[in-house]
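Peer 1: One letter stands for each residue in the lines below.
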Amino acid sequence: MATRLLWASKAASYLRISVFHRAFSSVVKDLKYADSHEWVKVDGNSATVGITDHAQDHLGDVVYVELPEVGTAVKQGDSFGAVESVKATSDINSPVSGKVVEVNEELNNSPALVNSSPYEKGWIIKVDISNVGELKNLKDSDEYKKFCEEEDAKH
Amino acid sequence: MRGGLWQLGQSITRRLAQADKKAITRRYFASEADLKKTVLYDFHIAHGGKMVPFAGWSMPIQYKDSIMDSTINCREYGSLFDVSHMCGLSLNGKDCIPFLEKLVIADVAGLAPGTGTLTVFTNEKGGAIDDSVITKVTDDHIYLVVNAGCRDKDLAHIEEHMKSFKAKGGQVSWHIHDERSLLALQGPLAAPVLQHLTKEDLSKIYFGEFRMLDINGSHCFLTRTGYTGEDGFEISVPSDNAVDLAKAILDKSEGKVRLTGLGARDSLRLEAGLCLYGNDMEQHTTPVEAGLTWAIGKRRKAEGGFLGAEVILKQLAEGPKIRRVGFSSSGPPPRSHSEIQDEKGTNIGEITSGGFSPCLKKNIAMGYVNSGYHKAGTKVKLVVRGKAYDGVVTKMPFVPTKYYKPS
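Protein sequence lines, in the order shown, are assigned to chains W and X. Taking UniProt numbering, the leading residue of the first sequence gets 1, the next gets one more, and so forth. Taking UniProt numbering, the leading residue of the second sequence gets 1, the next gets one more, and so forth.
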């Protein structure tokens, strides 16, 4: 998930806003991860997508999740929705290309599931993958963990 | 997801568009090592503060508690904020009141000694240079606090006018209180906790009033004011004693008053309907448009005599074209720059601050609409990421204020 463009282009670069981190957040071994902090669980052509523990921890209390419609086409690296927390707005990018086959309607009433259960109850969409080959662009859990540590150390 | 992504940053982004780019570059492109630190910096880190750059300072956006929990804790028990990045200033001399009255909209002469008010520094077009809480300590001493992000331009503005005022024989001088730190203690436990640390009877000091007194063994300036809508105090303490005072306050509250960062401070002030300079008020906004007509003294309305008075008095007579109002809405929380439309989809204004209210559990926002759409209950559409969501003009404060006033 990427910062809203406004943020990415202006505030973040002008301000270089950063956050010191308390402790490293958890990752799950069998998932694949995008640099923009989404995870994907792949089972054949079916993918479940959410945001990582690291992402939810940075965002803080999630108060709204903007979900796409079922049937929407998504593209690897492109935004398909947004997460709003008390302090920030963040785009959610799809780690895979394909078609949205299911969205987590539970999040309409309980957006905080993204905080309390980022890898389970807080899943966001399910996608029918159109290009399995793209999965090689993603990180495994060890690579992602290292990536987060390096990113935090920069700040 | 890079970084803290915090709403308040928007105020700075916005300011960038208009302010002197050079000054901003100096201030905001500064590397983290160049950021100024308050004397409480190590104390913040030790208490789990997540530090972010803010107006040239490294300040805690939050501590271990979430912004949601911090906001609620302030209203239930209390909060302690380090606001030492803000700039405390004294004006001294027998002509300090007529001098200040040239620059602000308040009836400073009419204030009783030991009392203060929120005011606005105006420019020649009637726009706001900054908002500030000013106190008339005595007839020849004014104490005021200005925003950290406006410090340089405010001081330059005051200095320029002071020069010409003195050249005409006026007696005024200033002292910038860089030897002091500023703590804000807010919430229902503010008074009972602070009472443990001073002999002065705090029940005799009402909202807006000021005392110089001994707190925890040091000479402090105490103002019963704040930026949360709760009862509370801002305490200007000698910097050498600031950490001790912070520790004593937390200790006397038995853990109920918590260190609170800029994140919850922003939620709290939004719930209280208070302006954030740079977001909700800018160089081109007049106090009348901003809904601060109440802060223009009666005598000032009659006499003028402050910068931009012609524009402001004309607006008072004719009514402003745009007005700051509050909103509540469904859907995602509107943020600064979200478009406001009428029910037919015509643009009628722009949101200047918005978010999810931790206390009300719903979206709240403020922004400017064309006059005529400003009445509470007016239905509007708020556009977030290209989609229009239902909103309604809502009276502010969103959360009732609890200022300590004589009954």
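Careful: at least some of the hints might be erroneous.
[Said to hold, decoys possible] Counterexamples of contact, computed for chain X against chain W with all Cβ distances above 12 Å:
1. K36
2. I67
3. M68
4. S70
5. T71
6. V137
7. Q171
8. H175
9. Y206
10. P238
11. G263
12. S267
13. K321
14. P332
15. P333
[Unchecked claim] Facing chain W, from chain X, some residues (calculated, C-beta under 10 Å):
16. I61
17. D69
18. K199
19. A264
20. S328
21. R335
22. F356
23. P358
24. N363
25. K381
26. V383
27. A388
It should be emphasised that the hints constitute simulated quantities derived from the structure, not laboratory data. Since the structure is predicted, the reported quantities are computational estimates derived from the model, not experimental observations. We put the beta carbon where it would ideally sit given N, CA and C, even for glycine.
Peer 1: Now tell me, hint by hint, if it's right for this structure.
Peer 2: Hint check results:
At the 12 Å boundary, the C-beta of K36/X stays outside the reach of chain W, the nearest C-beta of that chain being 15 Å off. Once the 12 Å rule is applied to beta carbons, I67/X is inconsistent with being away from chain W; the minimum gap is 5 Å. Residue-level check failed: M68/X sits 4 Å from the nearest beta carbon of chain W, not beyond 12 Å. At roughly 10 Å from the closest C-beta of chain W, the C-beta of S70/X falls inside 12 Å, breaking its exclusion from the interface.
With a least CB separation of 8 Å from chain W, T71/X falls inside the 12 Å interface cut-off, contrary to its annotation. With 12 Å as the threshold on Cβ separation, the claim that V137/X sits away from chain W holds: the shortest Cβ distance comes to roughly 36 Å. Every beta carbon of chain W lies more than 12 Å from that of Q171/X, the smallest distance being close to 42 Å; the non-interface claim holds. With a least beta-carbon separation of about 31 Å from chain W, H175/X lies farther than 12 Å from that chain, consistent with its non-interface assignment.
No Cβ of chain W comes within 12 Å of the Cβ of Y206/X; the nearest lies about 32 Å off, and the non-interface call holds. No Cβ of chain W comes within 12 Å of the Cβ of P238/X; the nearest lies about 28 Å off, and the non-interface call holds. The claim that G263/X is not at the interface with chain W is violated, since a C-beta of that chain comes within 12 Å of its own (minimum 5 Å). At roughly 6 Å, the least C-beta separation between S267/X and chain W is not larger than 12 Å, which violates its mark as non-interface.
No Cβ of chain W approaches the Cβ of K321/X within 12 Å, the least distance being about 27 Å, so the stated non-interface status holds. The claim that P332/X is not at the interface with chain W is violated, since a C-beta of that chain comes within 12 Å of its own (minimum 4 Å). Distance check for P333/X against chain W: the nearest CB is about 6 Å away, which does not clear 12 Å, and the non-interface claim fails. Contact between I61/X and chain W, as hinted, is supported at the beta carbon level, the nearest pair being about 7 Å apart and thus within 10 Å.
Here the hint on D69/X is kept, as its CB sits about 8 Å from the closest CB of chain W, short of 10 Å. Against a cut-off of 10 Å between C-beta atoms, the interface hint on K199/X is violated, since the closest Cβ of chain W lies about 40 Å away. Annotation: interface hint on A264/X holds; nearest CB of chain W at approximately 9 Å, less than 10 Å. A cut of 10 Å between beta carbons decides the hint on S328/X: the least distance to chain W is about 14 Å, and the hint is violated.
With a least beta-carbon distance of about 6 Å to chain W, the hint placing R335/X at the interface is held under the 10 Å criterion. The criterion of a C-beta within 10 Å of any C-beta in chain W is met by F356/X, whose closest approach is roughly 4 Å, and the hint holds. For P358/X, the interface hint holds, the least distance from its beta-carbon to any beta-carbon of chain W being 6 Å, beneath 10 Å. A distance limit of 10 Å between C-beta atoms decides the matter here; for N363/X the minimum to chain W is near 8 Å, and the interface restraint holds.
This hint is violated: K381/X has a C-beta 16 Å from the nearest C-beta of chain W, more than the 10 Å allowed. For the restraint placing V383/X at the interface with chain W, the shortest Cβ-Cβ distance is roughly 13 Å, beyond the 10 Å limit, so the hint is violated. With a least beta-carbon distance of about 14 Å to chain W, the hint placing A388/X at the interface is violated under the 10 Å criterion.
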